[in-house]
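Sequential numbering from 306 applies to the sequence shown in the numbering used here.
If you're looking for bench data, these hints aren't it; they were derived computationally from the structure.
It is possible that some hints are incorrect.
As the list claims (entries may be wrong) - Label-pair restraints from in silico Cβ distances: (1) ASP310 - SER337: 31 to 41 Å; (2) VAL315 - ALA343: 13 to 23 Å; (3) GLN311 - LYS338: 15 to 25 Å; (4) LYS338 - THR307: 14 to 24 Å; (5) ASP342 - ALA308: 32 to 42 Å; (6) ASP310 - LEU335: 16 to 26 Å; (7) ASP342 - ASN309: 20 to 30 Å; (8) THR307 - ALA333: 17 to 27 Å; (9) ALA343 - ASN309: 16 to 26 Å.
No residue lacks a Cβ here, since even glycine has one placed at the ideal position from N, Cα and C.
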Amino acid sequence: DTANDQAVTVRDRDSMAQERVAIDELPAYLQSKIYPDA
Numbered sequence: 306d307t308a309n310d311q312a313v314t315v316r317d318r319d320s321m322a323q324e325r326v327a328i329d330e331l332p333a334y335l336q337s338k339i340y341p342d343a
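Put together the whole structure using the sequences plus the hints.
Written as C-alpha cells, this is what we have:
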C-alpha cells in the first residue's frame with residue numbers, strides 16, 4: 306500500500322492503535338508525538 310498511496314502505518318506502542326500517515330507529513334507527525342508540548 307505504501308507504494309500506491311505514499312503513506313505508512315504508525316502504531317502507538319502503548320495503546321496499539323494504528324493510523325495511516327502520509328510520508329511527507331511523517332516528520333511533523335512524529336515530532337508532535339515525541340514532543341507533544343513543543
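Unmet hints by their number, sorted upward, for this structure
1, 7, 9
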